[in-house]
Amino acid sequence: MATSNSGGPRNGKQTSTEFDEAGNRKRYSKGTPGAAPTNNISFSVASVGAVNEGQSSVFTITKSAPWSVPLTVNYATANGTAVAPGDYTATSGTLTFKGWETVKTVSVPTIVDTLAEGAEQFSLALSSPSGGSSLGTVSAAGTINASSAPNQPPTTVTDTMAVKVCMSAVKNVVANDTDPEGNYPLTVVSVTSTTKGDTYVVDASSIGFTAYGSTGNAQVTYTVKDSLGATATGTLAITITSGTGCS
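Just so we're aligned, residue 1 is where the sequence shown starts under the working numbering, counting upward by one.
If you're looking for bench data, these hints aren't it; they were derived computationally from the structure.
Watch out, some of these pointers could steer you wrong.
As the list claims (entries may be wrong) - With a cut-off of at most 20 Å between alpha-carbon atoms, the simulated DMTMM-like pairs for lysine to aspartate or glutamate come out as follows:
#1 K164 - E117
#2 K171 - D159
#3 K171 - D203
#4 K225 - D203
#5 K171 - D198
#6 K98 - D159
#7 K225 - D159
As the list claims (entries may be wrong) - The calculated label-pair distances, taken between Cβ atoms and stated as ranges, are:
#8 T178 - T137: 16 to 26 Å
#9 G99 - S128: 13 to 23 Å
#10 T215 - T192: 12 to 22 Å
Keep in mind it's a predicted model, so treat the numbers as computed, not measured.
For glycine and all other residues, C-beta sits at the position ideal for the given N, C-alpha and C.
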């Protein structure tokens, strides 16, 4: 007579027992537990795409399939041509995937540094997958596109002008001024006053001056802007010479 006692495939309780006709046990054997299911799960990382400075660079971490128990994987950023903390915020941690979860994201803040530079890259890499899982695509690059450099102000050159007492003269003060980025035209927007005479803006490029009755020197400051609104100040030096006098 033979009897058996079967448990689960992994609990080691599978047995087989044989008895003779008198009820004496003749043979007893214990089965070998079944092998655990093979974990074929892998983790991979990919970048969502390039971002501009100040935006977050997003990475997608994918688990290849659902699994019966939670699994974890570590992640960390690494410098490339982009360097933390000046270009982005170094980021690291551990992601926990529940059994049914297959996708998670990691966001890495980037920094606006206002430097004139090309696109820069850093990377995010995976490590230490748990539960016998493996790594597929281990690392992905994040690209940071530089913001446009701030508009630079015009460069002014000191101008000179001579005028007789009680007379008027006009000077084009932007003719020798330049803009480093070529944001023309340059426009005069204001001019300061002086006790030696009256100053005024004639048009977009010129300043007028009417001298009072005394000779001497005067200096006024004008403000000029480029086509994008960046401003600078320039100087007009005025020499007042004698004339026929004021009527």
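Numbers of unmet hints, in rising order: 1, 6 and 8
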